[in-house]
Amino acid sequence: MLQSLWENRVPVAAVVLFAVGFTTLLLHRNLLKKIIGLNIMDTAAYLFLTSLGYIAGRKPPIITDGNTDPSAYVNPLPAGLVLTGIVVSVSVTALMLALTVRLYERYHTLDLDQIYLMAKDEEEEKR
Amino acid sequence: MKKQTKPKLSERLRTWDAGSFDLTEAIDPDPPVPVTEYDLRAEDLPPLARLGDRQVRGFRRIYPWLAAILAAVLVTILLSAVLDLPPYGAAENPPHNEVMERYVARGLAETGAVNTVSGVILDYRAFDTLGESHVLYTAATAVLVLLLSASGGRDEPPSVRRIMEGDPILRNTARVVVPIVLLFGVYVILNGHLGPGGGFAGGAILGGGLILYVIAFGFEPMEKLISGRVYRRGITAALCFYSGAKCYSFFCGANHLETIFQNGTPGAILSAGLILPLNIAVGLIVALTMYGFYSMFQRGRI
Amino acid sequence: MSFAANIPLFSIVLCLLASAVSALLRARAAAWVTRVLTALVAFGSVLVLLMGIKNGAAVTYQMGHFPAPWGNELRFGILEPLVSGIFAVVLLSCVVGGNKELQRDIEPAKQNLYFVMVDLILATLLALLYTNDLFTGYVFIEICTIASCGILMIRRLGRTTLAAVRYMIFSLIGSGMFMLGIIFLYSLTGHLLMPNLKSAVAALWASGESHTPLMMAMCLITLGLCIKSGLFPFHFWMPDTYGYSTPCSAGILSGLVSKGYIFLLIRIIRCVFGVEVFYASGIQTVLYVLGIAGMIVGSISAIRENEVFRMIAFSSAAQIGYIYMGLGLSPALGTVAAIFHILTHAITKPALFLSASRLVEVSGGRKRFKALQGAAHRDPMAGTAFAVGSLSMIGLPLTMGFIAKYLFAFAAFRENRLLLPTLLALAISTVLNTFYFARTLIRVYNTRGVTPVPPVRLRAQPGFAFAAILLMAENIACGVLAQPLIEMLTKGLSILE
Chain A
1 MLQSLWENRV
11 PVAAVVLFAV
21 GFTTLLLHRN
31 LLKKIIGLNI
41 MDTAAYLFLT
51 SLGYIAGRKP
61 PIITDGNTDP
71 SAYVNPLPAG
81 LVLTGIVVSV
91 SVTALMLALT
101 VRLYERYHTL
111 DLDQIYLMAK
121 DEEEEKR
Chain B
1 MKKQTKPKLS
11 ERLRTWDAGS
21 FDLTEAIDPD
31 PPVPVTEYDL
41 RAEDLPPLAR
51 LGDRQVRGFR
61 RIYPWLAAIL
71 AAVLVTILLS
81 AVLDLPPYGA
91 AENPPHNEVM
101 ERYVARGLAE
111 TGAVNTVSGV
121 ILDYRAFDTL
131 GESHVLYTAA
141 TAVLVLLLSA
151 SGGRDEPPSV
161 RRIMEGDPIL
171 RNTARVVVPI
181 VLLFGVYVIL
191 NGHLGPGGGF
201 AGGAILGGGL
211 ILYVIAFGFE
221 PMEKLISGRV
231 YRRGITAALC
241 FYSGAKCYSF
251 FCGANHLETI
261 FQNGTPGAIL
271 SAGLILPLNI
281 AVGLIVALTM
291 YGFYSMFQRG
301 RI
Chain C
1 MSFAANIPLF
11 SIVLCLLASA
21 VSALLRARAA
31 AWVTRVLTAL
41 VAFGSVLVLL
51 MGIKNGAAVT
61 YQMGHFPAPW
71 GNELRFGILE
81 PLVSGIFAVV
91 LLSCVVGGNK
101 ELQRDIEPAK
111 QNLYFVMVDL
121 ILATLLALLY
131 TNDLFTGYVF
141 IEICTIASCG
151 ILMIRRLGRT
161 TLAAVRYMIF
171 SLIGSGMFML
181 GIIFLYSLTG
191 HLLMPNLKSA
201 VAALWASGES
211 HTPLMMAMCL
221 ITLGLCIKSG
231 LFPFHFWMPD
241 TYGYSTPCSA
251 GILSGLVSKG
261 YIFLLIRIIR
271 CVFGVEVFYA
281 SGIQTVLYVL
291 GIAGMIVGSI
301 SAIRENEVFR
311 MIAFSSAAQI
321 GYIYMGLGLS
331 PALGTVAAIF
341 HILTHAITKP
351 ALFLSASRLV
361 EVSGGRKRFK
371 ALQGAAHRDP
381 MAGTAFAVGS
391 LSMIGLPLTM
401 GFIAKYLFAF
411 AAFRENRLLL
421 PTLLALAIST
431 VLNTFYFART
441 LIRVYNTRGV
451 TPVPPVRLRA
461 QPGFAFAAIL
471 LMAENIACGV
481 LAQPLIEMLT
491 KGLSILE
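As given, the protein sequences belong to chains A, B and C, one line each in that order.
Everything in the first sequence is counted per the working numbering, starting at 1 for the first residue and increasing by one.
Everything in the second sequence is counted per the working numbering, starting at 1 for the first residue and increasing by one.
Everything in the third sequence is counted per the working numbering, starting at 1 for the first residue and increasing by one.
Please note that a few of the clues may not be correct.
[Stated by the list, open to error] BS3-like, lysine-lysine: derived pairs with alpha carbons at most 25 Å apart:
(1) A/K120 to C/K54
(2) C/K110 to C/K100
(3) C/K370 to A/K120
[What the hints assert, rightly or not] Simulated DEER-style distance windows between Cβ atoms:
(4) B/M222 to C/F466: 44 to 52 Å
(5) C/E276 to A/S4: 25 to 33 Å
(6) C/M215 to A/I62: 34 to 42 Å
(7) C/S199 to A/D69: 26 to 34 Å
In short, the hints are calculated from the structure, not lab data.
Built from N, CA and C at the ideal position, the CB exists for glycine as well.
Based on the sequences and whatever the hints tell you, model everything.
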């Protein structure tokens, strides 16, 4: 058990972070903290993915001195995938922050429960 | 907070419903929130109890427990799965298969890129990256929709101005740093196929440099370079070039035709076929989007 | 390779180009770009479909100069172009039919951006249908999420923005899980390409090694897509999302976007997990149970609702339940029924949303049922479209809904699995459906206590009339001529693997 924990130390750290981020995103009521949770969750996933490309004792996948022997470099594919993932994360964060700005300008609070209550009141008043 | 009582709320919110689209009108002339966030005190926030919803209050009480339990359960489940995975860093793990071997062994010959990762994302798996730049574009459009105000935007909040204006340390540092940052960004973009770097990293650096410049000197001088029109046209042109070029390359590849792009000498700046122009297009998109995000958040227009 | 094999690539790139160019155009021009684009995509899909029928086998299309495990790949047989064609036509009718509301709900300077998003959604739907690579699927799922949020929050009501936040939170949790599932699978097998994954998963399952992570990966991917498509109990974002967005967006989100995710799930079950592994894992039972729960809970919530849009939204939750019930029921006939129901729902729901918004419009803009008294007489076209849609949702003969329900029951009979619960669930849910749709129909056709006003002419709303007639015609045509459609689905499903 302990040995396999150590063998998989990076994925273990990643899933712990993932769970923390996931819980924050799902349950926290402050919108900004939700976004932070989202970022933790995404980062954890990327940490996991990056760790899959790592091979102990090898160099980064940039061909040096014309050496194209695959056993000299780490796996380049996860790095490429993570690059894609990071862009997704940036985009989603920007969008969520923009939504937050708009909600804040309207309701002057970041608390989702309060926003929900106010939105409900607003709906009632309109009827 | 008396402003949160019901009739007042509706009054304040009415300006926002159909017919009036201006974001700035929705902001109170006398905002309940102090001008700078540093002045915000806990008692300025409306107490939840006054809003009064039993459900919500009950949920708040159990929230810490619920969160802790959920996180613990998730960790346990995920850990049980992770412990069975192949060990970290071992050379015989499943991902290090024939796919990886060809990327490294033949990547230089097939794509001309010394940086294998660039070769993977811009040539082997270019369709993913095509999608990726459109993710950024979609988000930029969505932020534009959310924050662009109909009245042509607002100026920066006075608080931000006050901090930025006449700060000699910021200005003088920026004077030195910004050109270096921009130059470095361009270098990273152009170097994408030769070494660490590429359009995404370089574009982010460029965007950071632009933002730093704007923080130090304000938006007015920057508008000569990047106006709203330049921003939109730049992004559209870069995306169209990207999609068009990649479509051509996909089409040729699928039908086993030769493309007009040559791989050239590996290691030379003008090599690796499409990768360099694609990196430039991506860099342009990323830099403009980063700057656009900042500008939209700061003043509601570009 | 025939030229038609290039069409899926061209369709996707055309959508991306159109979206990029639309950012510079005026709203009217952007709207026309979208219309022409959807029509072209639908036409192209027909050509691909004909090619697929002629070949009788799936075509893989290499994206670029490198073959599949190294490069990306598209794959299409019969099912994908069929679904994409229907999606494109539905999208066209949404955009044309909801145009009036678009102009009302969205400020003029941003209307072109709406069409940017719609073009992107079409591109992602096509990519989700055609892709043969799991990671490409993830990238396009994310575009779809952001663009869906975009067409939702473009309406500047406070409630809509709040709905958008909720939608995003659920979607992001879903895509996070999907991503983590892909990472698990990649860690175990080292592949991202669907056929390679499938053989690797089958070998791993048979060897019994790493059983927990494999199950975890399957659960995470399935769960992520279930959350994103709004299966019970993850349907809480639905009523607000569909109820407060502009009708065109509601139609697109409920009819197409969530269906795109389900279709991807079907692809993944077939082409990644493999039918044998997936239907031995027990996940299908969970889907079946949740599907039935969704059918009943969704319908009960719809009955308790007193606003027409939210009622239709809850009914969507129930219909998603049907689809998952079919998926859980059996890999062959049950899945055919599920796909047929995907098409039914994709055609019917937008018609309901669009016509309901017309009915609300002629009733002074009030969404409560009470205000809708006699609305069908004020706008006969909207009344007819609403009636056809409702009857299809209830499952009356001549409509697609009837065939879908028949197929579910047929699947349960034929394969003699879970016969009693399936029939019982179908019966209960049909009664509940009938209850709330008939109630609404009676309300909109009953003129008691309403002063008659001259009905709205067709000529006054050509866009809506076009959309309503198109969707009704599709519904009835597919309901009457269901046999060839079902044959195509069965054949398409068999060559999907």
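Cross-check of the supplied hints:
no.: 1; hint: A/K120 to C/K54; in the structure: 56 Å, violated
no.: 2; hint: C/K110 to C/K100; in the structure: 15 Å, holds
no.: 3; hint: C/K370 to A/K120; in the structure: 20 Å, holds
no.: 4; hint: B/M222 to C/F466: 44 to 52 Å; in the structure: 46 Å, holds
no.: 5; hint: C/E276 to A/S4: 25 to 33 Å; in the structure: 29 Å, holds
no.: 6; hint: C/M215 to A/I62: 34 to 42 Å; in the structure: 38 Å, holds
no.: 7; hint: C/S199 to A/D69: 26 to 34 Å; in the structure: 28 Å, holds
In summary, the structure is inconsistent with hint 1 from the numbered list given earlier, while agreeing with all the others.
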